[in-house]
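Sequences listed follow chains A and B, in order. Numbering follows the numbering used here, with no gaps: position 299 of the first sequence is 371. Numbering follows the numbering used here, with no gaps: position 273 of the second sequence is 345.
If you are wondering where the hints come from, they were derived from the structure by calculation, not from laboratory data. Quantities reported herein were computed from a predicted structural model and do not represent experimental measurements. Careful: at least some of the hints might be erroneous.
Said to hold, decoys possible - Covered stretches of chain A (in silico footprint by chain B; criterion: 3 or more residues with CB under 8 angstroms from a CB of chain B, positions within the stretch not fixed): (1) 352 to 358; (2) 451 to 464.
Stated by the list, open to error - Only pairs whose alpha carbons sit at most 25 angstroms apart, straight line, appear in this in silico DSS-like list of lysine-lysine: (3) A:Lys370 / B:Lys295; (4) A:Lys392 / B:Lys167; (5) B:Lys299 / A:Lys385; (6) B:Lys370 / A:Lys320; (7) B:Lys370 / B:Lys345; (8) A:Lys295 / B:Lys497; (9) B:Lys167 / B:Lys143; (10) A:Lys348 / A:Lys500; (11) B:Lys413 / B:Lys345; (12) B:Lys295 / A:Lys379; (13) B:Lys385 / A:Lys299; (14) A:Lys502 / B:Lys299; (15) B:Lys143 / B:Lys108; (16) B:Lys299 / A:Lys392; (17) B:Lys454 / B:Lys497; (18) A:Lys299 / B:Lys392; (19) B:Lys497 / B:Lys257.
Glycine residues also receive a C-beta, built at the ideal position from the N, C-alpha and C atoms.
Number of protein chains: 2
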Amino acid sequence: MVSLLRGSVFPSRYAKPFRGNVFAVNPNHSKIMGLKCFPSVLGIANEIDLAVIAVPASLVPKVLRECGEKKIPAAVIVSAGFAEVGERQLQEEVKGIALQYGISVLGPNTVGLIVPGVFNASFALSVPKPGNVAFISQSGALADSVIDWALEELFPFRAIVGLGNKVLLDESHFINHFADDPGTKVIALYLEGVTDGRRFLDALSHASRKGKAVLVLKGGSGKKGAKAVATHTASLAGNEAVFAGALKQGGAIRVFSLEELFDTAKALSMLPKLGKNSIAIITNGGGAGVLCADACEKLGVNVVELKPSTIAKLEPFMGKAWSRGNPVDLVGDALPEKYAKALEVLLSQEHIGGAIVIQTLQTMTKPLEDARIVINAAKKSKKPIACVFMGGVYTRESIRLLHENGIPNYNDPVKAAGALAALAKYCKTKL
Amino acid sequence: MVSLLRGSVFPSRYAKPFRGNVFAVNPNHSKIMGLKCFPSVLGIANEIDLAVIAVPASLVPKVLRECGEKKIPAAVIVSAGFAEVGERQLQEEVKGIALQYGISVLGPNTVGLIVPGVFNASFALSVPKPGNVAFISQSGALADSVIDWALEELFPFRAIVGLGNKVLLDESHFINHFADDPGTKVIALYLEGVTDGRRFLDALSHASRKGKAVLVLKGGSGKKGAKAVATHTASLAGNEAVFAGALKQGGAIRVFSLEELFDTAKALSMLPKLGKNSIAIITNGGGAGVLCADACEKLGVNVVELKPSTIAKLEPFMGKAWSRGNPVDLVGDALPEKYAKALEVLLSQEHIGGAIVIQTLQTMTKPLEDARIVINAAKKSKKPIACVFMGGVYTRESIRLLHENGIPNYNDPVKAAGALAALAKYCKTKL
Numbered sequence: 073m074v075s076l077l078r079g080s081v082f083p084s085r086y087a088k089p090f091r092g093n094v095f096a097v098n099p100n101h102s103k104i105m106g107l108k109c110f111p112s113v114l115g116i117a118n119e120i121d122l123a124v125i126a127v128p129a130s131l132v133p134k135v136l137r138e139c140g141e142k143k144i145p146a147a148v149i150v151s152a153g154f155a156e157v158g159e160r161q162l163q164e165e166v167k168g169i170a171l172q173y174g175i176s177v178l179g180p181n182t183v184g185l186i187v188p189g190v191f192n193a194s195f196a197l198s199v200p201k202p203g204n205v206a207f208i209s210q211s212g213a214l215a216d217s218v219i220d221w222a223l224e225e226l227f228p229f230r231a232i233v234g235l236g237n238k239v240l241l242d243e244s245h246f247i248n249h250f251a252d253d254p255g256t257k258v259i260a261l262y263l264e265g266v267t268d269g270r271r272f273l274d275a276l277s278h279a280s281r282k283g284k285a286v287l288v289l290k291g292g293s294g295k296k297g298a299k300a301v302a303t304h305t306a307s308l309a310g311n312e313a314v315f316a317g318a319l320k321q322g323g324a325i326r327v328f329s330l331e332e333l334f335d336t337a338k339a340l341s342m343l344p345k346l347g348k349n350s351i352a353i354i355t356n357g358g359g360a361g362v363l364c365a366d367a368c369e370k371l372g373v374n375v376v377e378l379k380p381s382t383i384a385k386l387e388p389f390m391g392k393a394w395s396r397g398n399p400v401d402l403v404g405d406a407l408p409e410k411y412a413k414a415l416e417v418l419l420s421q422e423h424i425g426g427a428i429v430i431q432t433l434q435t436m437t438k439p440l441e442d443a444r445i446v447i448n449a450a451k452k453s454k455k456p457i458a459c460v461f462m463g464g465v466y467t468r469e470s471i472r473l474l475h476e477n478g479i480p481n482y483n484d485p486v487k488a489a490g491a492l493a494a495l496a497k498y499c500k501t502k503l
Numbered sequence: 073m074v075s076l077l078r079g080s081v082f083p084s085r086y087a088k089p090f091r092g093n094v095f096a097v098n099p100n101h102s103k104i105m106g107l108k109c110f111p112s113v114l115g116i117a118n119e120i121d122l123a124v125i126a127v128p129a130s131l132v133p134k135v136l137r138e139c140g141e142k143k144i145p146a147a148v149i150v151s152a153g154f155a156e157v158g159e160r161q162l163q164e165e166v167k168g169i170a171l172q173y174g175i176s177v178l179g180p181n182t183v184g185l186i187v188p189g190v191f192n193a194s195f196a197l198s199v200p201k202p203g204n205v206a207f208i209s210q211s212g213a214l215a216d217s218v219i220d221w222a223l224e225e226l227f228p229f230r231a232i233v234g235l236g237n238k239v240l241l242d243e244s245h246f247i248n249h250f251a252d253d254p255g256t257k258v259i260a261l262y263l264e265g266v267t268d269g270r271r272f273l274d275a276l277s278h279a280s281r282k283g284k285a286v287l288v289l290k291g292g293s294g295k296k297g298a299k300a301v302a303t304h305t306a307s308l309a310g311n312e313a314v315f316a317g318a319l320k321q322g323g324a325i326r327v328f329s330l331e332e333l334f335d336t337a338k339a340l341s342m343l344p345k346l347g348k349n350s351i352a353i354i355t356n357g358g359g360a361g362v363l364c365a366d367a368c369e370k371l372g373v374n375v376v377e378l379k380p381s382t383i384a385k386l387e388p389f390m391g392k393a394w395s396r397g398n399p400v401d402l403v404g405d406a407l408p409e410k411y412a413k414a415l416e417v418l419l420s421q422e423h424i425g426g427a428i429v430i431q432t433l434q435t436m437t438k439p440l441e442d443a444r445i446v447i448n449a450a451k452k453s454k455k456p457i458a459c460v461f462m463g464g465v466y467t468r469e470s471i472r473l474l475h476e477n478g479i480p481n482y483n484d485p486v487k488a489a490g491a492l493a494a495l496a497k498y499c500k501t502k503l
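With these hints in hand, go ahead and build the complete structure from the sequences.
Below is the structure:
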């Protein structure tokens with residue numbers, strides 16, 4: 073997966089060569105990156121599916137018109153220098169050409185579009201691994217930073233879309249697109265303003281009907297932020313109450329930080345349905361279990377009372393010091409087998425809908441084995457399991473293993489509670 | 073820095089050999105870890121400052137009595153099997169012996185005590201680097217996980233204390249101790265219950281008078297959590313409203329997750345005073361600036377209006393597209409020099425009390441150079457600077473550099489806003 077725009081073959085761990093033809097167009101060069109250069113798209117004999125335009129803003133109308141004459145159906149205009157710096161007339165001209173020739177234009181002023189494992193029409197620094205979360209961002213810089221973070225966390229994406237100035241394609245088009253895309257489970261958005269409130273609400277409702285989770289982080293919810301939005305993407309941040317109402321009506325989930333956006337996306341993209349709002353907290357650290365239970369209660373996630381019959385099933389192998397209640401405290405010396413047996417009993421109970429597995433790091437703790445236990449339990453059960461493998465250096469590999477196997481991990485018990493609260497909301501499980 | 077309790081010489085990046093004498097005591101061995109073994113402390117000729125007791129619970133009274141006869145002033149009782157499993161009588165016996173001989177006892181059922189760079193009387197997995205944050209935890213497992221996380225984040229500690237069952241030494245003793253310790257700036261606590269409300273309040277007030285920041289994460293604030301507290305450390309979680317009132321009266325800052333505890337500790341331990349509640353947000357990504365401004369407004373941190381004279385000073389080198397407002401958007405192609413000049417101008421303005429520097433990761437971004445710019449600016453100014461270097465793989469080294477130089481970094485603009493809000497609260501800057 074190579075980004076032509078970066079001027080060099082960029083290595084990516086999740087790279088796979090683009091199988092289609094790529095043509096370079098530049099009147100001043102005969103070759104770019106080993107590709108023969110055409111002076112104009114009009115000189116290319118083959119049919120073209122997508123044009124990526126990265127010329128100075130003033131040349132964009134000419135180039136886009138040539139794309140129209142060549143009957144290219146779609147274009148990503150990376151070039152900046154339009155409405156975001158006050159050049160509204162130039163942007164209107166671009167819009168006119170796009171409409172005249174029926175070109176689906178993304179941008180201008182966009183970081184571009186990545187579909188990991190398929191193609192990379194962006195100047196982002198790297199490419200994440202393929203997954204089922206589509207991230208649509210009105211800020212290219214955020215998208216770029218998120219990709220780098222995703223590589224470290226092994227967070228997978230269906231697509232990354234920089235909306236840019238939204239001359240034609242906007243959030244609603246992409247929400248509708250990913251709602252209909254079988255490869256997408258979660259649609260995560262960073263928005264500063266909405267092009268058309270009615271279409272946005274329709275798109276949200278469409279996605280909701282299609283069973284997709286839509287998460288929205290809105291920039292400009294305060295006065296200072298709204299003012300900054302105007303200079304950033306020349307958007308109107310709009311009325312906060314109206315926006316909040318629209319999200320609610322459209323069945324979308326509102327979040328308030330990037331971290332919350334992806335913590336929630338991780339849960340909703342990876343976890344199966346939460347059938348019952350009644351979870352078990354399994355921990356080898358009492359304090360971590362307490363903090364998790366506090367957060368669950370605050371967020372409406374039910375840390376269910378264990379039935380006497382369940383306690384009786386656990387008793388034989390839990391040792392003297394266990395809590396005999398939920399949170400299920402396995403106590404600090406818990407070996408992987410204890411986690412395994414506790415998970416097996418608890419997930420098989422009809423009155424328990426899911427689990428949070430906490431692993432604090434103690435002398436006897438075996439992070440990699442514990443991770444394998446959880447992965448195994450998740451394979452056998454249809455109930456959601458979120459993990460909190462705490463620590464840093466010693467737990468890094470076990471967290472990678474969990475994520476590679478589709479188990480979301482959080483570094484704080486409070487966040488796992490938040491993830492299950494969001495899952496309950498998405499599954500319409502009564503909170 | 074070796075933990076005798078782990079049975080082996082444990083390597084640590086922040087290890088430094090303990091300079092005092094260490095004596096091993098065990099009637100069944102002649103040597104432990106190369107040390108000559110004494111059958112009892114009574115057989116040691118030298119004076120002893122501290123006994124670390126890790127024998128089965130039933131033997132603790134005998135061993136502690138011998139320590140008393142040997143006139144050892146302090147003991148860490150690592151052994152478990154006391155009140156936390158219902159053995160209250162045994163615990164009372166230990167307390168009686170401690171009082172009778174005047175031994176300052178930490179524990180029983182504690183992970184122990186670490187003073188990084190000085191000594192390690194714990195069975196924690198590793199040792200963080202030395203710093204000015206004292207972490208006092210009623211959960212050993214949390215302390216252990218936090219240490220591992222700290223190693224990854226390079227977070228430094230003055231001390232890590234596991235309170236255990238608090239037979240004698242409790243949170244109030246340690247708050248008072250670290251309040252008087254010139255090497256401590258922040259006292260961070262995880263508590264499940266308080267031994268004596270009056271003494272706790274007095275200790276908080278003492279720390280406040282001494283200018284120390286006290287941060288408190290309380291387990292058992294909800295019903296389920298409070299119930300779990302009873303089985304975890306046999307504490308009474310107490311009345312939530314009374315506890316909240318005591319913290320307020322004592323000038324402590326309440327937090328609600330481990331992450332918030334250390335995000336806040338990072339700011340308060342590293343940053344200079346915030347004199348004026350009026351900050352500048354400097355960013356190369358508009359969206360990140362918007363999210364930060366939104367969070368600041370929500371938390372009462374003033375994103376100050378720039379004076380026309382300040383804008384005029386910035387104008388010459390900021391290029392065409394900059395925001396001409398606060399957040400100060402340097403635009404995506406910002407090179408390190410632009411960060412340097414903007415920081416220099418903004419920090420020199422009388423109406424600006426501090427800064428949040430955001431770096432999104434774009435094609436032109438130079439994370440390491442940007443980090444050096446911030447470090448340099450912080451050295452020249454007395455105003456606090458918090459950073460948000462976003463990303464993962466490509467920013468890891470720059471974040472290490474920031475932390476090594478005492479600049480707190482956060483992975484999300486919203487968290488930096490939270491950090492400055494806490495700093496304002498601590499500095500009693502009007503919010």
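Now the hints, each set against the structure:
Chain B is given as covering the region 352 to 358 of chain A, and this holds because 3 residues of the stretch bring a CB closer than 8 angstroms to a CB of that chain, at least three being needed. Residue count for the region 451 to 464 of chain A with a Cβ under 8 angstroms from a Cβ of chain B: 3. That meets the three needed, and the coverage hint holds. Between Lys370 (chain A) and Lys295 (chain B) the CA atoms are separated by roughly 10 angstroms; this keeps the pair inside 25 angstroms, and the hint holds. A C-alpha spacing of about 24 angstroms is found between Lys392 (chain A) and Lys167 (chain B), which places the hinted pair at or below 25 angstroms, so the restraint holds.
Between the alpha carbons of Lys299 (chain B) and Lys385 (chain A) the distance comes to roughly 21 angstroms, so the proposed pair stays at or under 25 angstroms and holds. Straight-line distance between C-alpha atoms of Lys370 (chain B) and Lys320 (chain A) comes to about 21 angstroms, which keeps the hinted pair within the 25 angstroms bound. Restraint check: the Cα-Cα separation between Lys370 (chain B) and Lys345 (chain B) comes to about 21 angstroms, which is no more than 25 angstroms; the hinted pair holds. For the given pair, Lys295 (chain A) sits about 22 angstroms from Lys497 (chain B) by alpha-carbon distance, which is consistent with the 25 angstroms threshold.
For the proposed pair Lys167 (chain B) and Lys143 (chain B), the alpha carbon gap of about 16 angstroms is at most 25 angstroms, so the pair holds. At roughly 10 angstroms between alpha-carbon atoms, Lys348 (chain A) and Lys500 (chain A) fall within 25 angstroms of each other, so this suggested pair holds. Annotation: proposed proximity of Lys413 (chain B) to Lys345 (chain B) holds, straight-line Cα distance about 23 angstroms (limit 25 angstroms). Distance restraint check for Lys295 (chain B) and Lys379 (chain A): the Cα-Cα separation of roughly 18 angstroms lies within the 25 angstroms cut-off, and the hinted pair is therefore satisfied.
Our distance criterion of 25 angstroms between C-alpha atoms is met by Lys385 (chain B) and Lys299 (chain A), whose separation comes to about 21 angstroms. Between Lys502 (chain A) and Lys299 (chain B) the CA atoms are separated by roughly 24 angstroms; this keeps the pair inside 25 angstroms, and the hint holds. For the suggested pair Lys143 (chain B) and Lys108 (chain B), the alpha carbons sit about 21 angstroms apart, so the restraint of at most 25 angstroms is met. Distance restraint check for Lys299 (chain B) and Lys392 (chain A): the Cα-Cα separation of roughly 18 angstroms lies within the 25 angstroms cut-off, and the hinted pair is therefore satisfied.
Restraint check for Lys454 (chain B) and Lys497 (chain B): satisfied, since their Cα atoms lie roughly 18 angstroms apart, inside the 25 angstroms limit. For the given pair, Lys299 (chain A) sits about 18 angstroms from Lys392 (chain B) by alpha-carbon distance, which is consistent with the 25 angstroms threshold. With a C-alpha separation of about 15 angstroms, the suggested pair Lys497 (chain B) and Lys257 (chain B) falls inside the 25 angstroms cut-off, and the hint holds.
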